[in-house]
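Engineer: Here's the letter readout for the chains.
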Amino acid sequence: MNCAQCRNHFSDYLEKAVTPILEREMGTHFEACQGCAADLRELEVAIARLRKMTAVAAPPGLAASVTSRLLATPLAAAHSEPAMQRSGKRSAREPARTWPWATLAAASLLIAAASFFAGHIVSGGPSVEDLANLENARRQVESLENQLSDTRAKFVEESANLRHEMMSLTSGFDHWKIEHAAALEIERKTRRDLDRRLQETARQIETHAESLAAVQARLDATIEERNSAITEMDSLTRELALATERRAAETRRRLARASAWTTTNPRESRAVPPVLFVRNGDIIRLKTRGTLDEIVPHLFTFAESDAEPEFADLALTTLESRLEPFALAVDAEDTVRGLSGRPERAGIVGWFNRRVGLANAAYEEPDERSTRLDRLRRIWRQRVPGEQ
Amino acid sequence: MKMNRMRDRGEPGAGPGDPATTTSLALRALDDTDCVVLARSGNETAIEELVRRYTPGVYNLQYRLLGTREAAEDATQETFMRAYRNLTRFDPRRVFKAWLYAIAWNYARDELRRRKRRSGIPEARPAGQRAPPTPSAADDPCDYRTAAPSETVVRKEEEEWVHRALHRLRPQERAVLLLREFEGLSYEDLARLFACRVGTVKSRLNRARLALKRVMAKLRPDWFS
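Chains as they are written, first to last, in the numbering used here: chain A, 1 to 388; chain B, 1 to 225.
No false leads were mixed into what you were given.
Per label pair, the in silico range of CB-to-CB distance:
#, chain 1, residue 1, chain 2, residue 2, range
1, A, H208, B, V154, 50 to 60 Å
2, B, V154, A, T28, 35 to 45 Å
3, A, L194, B, D91, 27 to 37 Å
Computed cross-link-like contacts, DSS-like style, restricted to lysine-lysine with a CA-CA straight-line distance of at most 25 Å:
#, chain 1, residue 1, chain 2, residue 2
4, B, K156, A, K52
5, A, K52, B, K218
6, B, K97, A, K177
7, B, K97, A, K52
8, A, K177, A, K189
9, A, K16, A, K52
10, B, K156, B, K218
Footprint (simulated), chain B over chain A, 3 or more residues, beta carbon under 8 Å:
#, segment
11, 2 to 14
12, 42 to 49
13, 53 to 64
Hints listed in this document are in silico derivations from the structure and should not be mistaken for laboratory results.
In this text, a Cβ means the ideal position worked out from N, Cα and C, and glycines have one as well.
Could you build the full structure based on these sequences and the hints that come with them?
Structural biologist: See the structure below:
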């Protein structure tokens, strides 16, 4: 590639509109030719300077002036002016263009007639035959002129029809274009309207979504609160059930006590029982009424009962205090037996006690309560009935 | 980039806040072809819209081609009048902008020829315009060697130099440069405008750019140093 060929593609090279092959060739040339490379750089500078140039502002009223001038000229006149000029020129040229052979024929006939007259003027005057020929020629010319005028009239009429048809087609096309433009405008307006509504709807949806999210958050919090409340209520229910059960047990126990109390309550029973347990808070007292024979069986009943340990202890203590005076005989009997007043045991324990004595009795310490009861029963059995 | 330049010049795509415009927003949304159809049917607003869109561009082109504001104003008026008269001949398949600029270029070319016939010189120097400063014009306030003004003044002065360099080119070179660089016409539109092939347009544009570079290098060698 030489310098001239390279310069021919400077613009394309700067606009990056050259083929890759040409670009490579030009790059190679620029490496080899410092002049072209410098020219290219200068061209870049010049184009940049040109592109930096701002446009000259039009005078403020120029657009309005142009518009008013255009609008002052009727559109029909503006359009018809060249059309009229065209039609005028055509009317002058139409016969020559449309019927050139007719004009040529008329001209040749006229030239022939003129030469004929000229020849005869020179030769001394026309003959009768010449005059007849001349008349025939004149008639032919007239006939041709008539044909020409008819043809011209037909042409004018046809051209008028064609022009009218063309104008109607043009106006129809223009009307269609106007309708098309109006439809386009309506479509654009509708599209803009729809876009605007869509944006509003999107904004509303966004707002509602935010409200919904807030409501959902509140709902979640409420559900969590409800779940914790349910859990708490379950635990409370369990505690309540336990408390109720405890209360019921206490009530049952109190009812049991109350039944015992009721059976021994002198206020609610006409027959005053011989043994009364009177509870005043934590203090229980025992009241007896009647003889010892009436009292002791009741006391034994309470002492042997496991339902009311407090009553049983009190009854046992009362029995011991009441039966102590009769214990001498039983203790003496025990002494005789060598059991130091301990009750005789049955079975292997009694046999062992009897054989080895009291030394080993400590290993089989009997229940104190049952022992005391056995001793008291024995005292009560061995006493003299009626003895107080 | 090109659209920005066009918007700066107030051409199609100018903002709706332009106080000089009275056309409706609906018309501004229509493209040129639809506006032309409406204008042909007698819609005055469409005519006004077309004039509003293209007055700045046509005026700028005529000013760059003819050199004076008065001539540019007359040429703009005449361009629009010719376009208005021939509006029915406009083929809607063509680009209206290219068609309008073709009318503008034809008028400017005829005007330049008339000037040449009248004065015998290629182009009259623009009235009220100073001659390009010579190296001896040390007292010229526009002399780039003596002036030290603000940035705006420097920029205006540089633009003035570019304008002068443009006026050293032949009219057709100037036209192809302006229509390509400023009005953004495609090679196809330029080929139809100058009645030649696309390849010829490219060659002319390349020659015009090289010629502008040469003239600029003569006028302002410091730009290329």
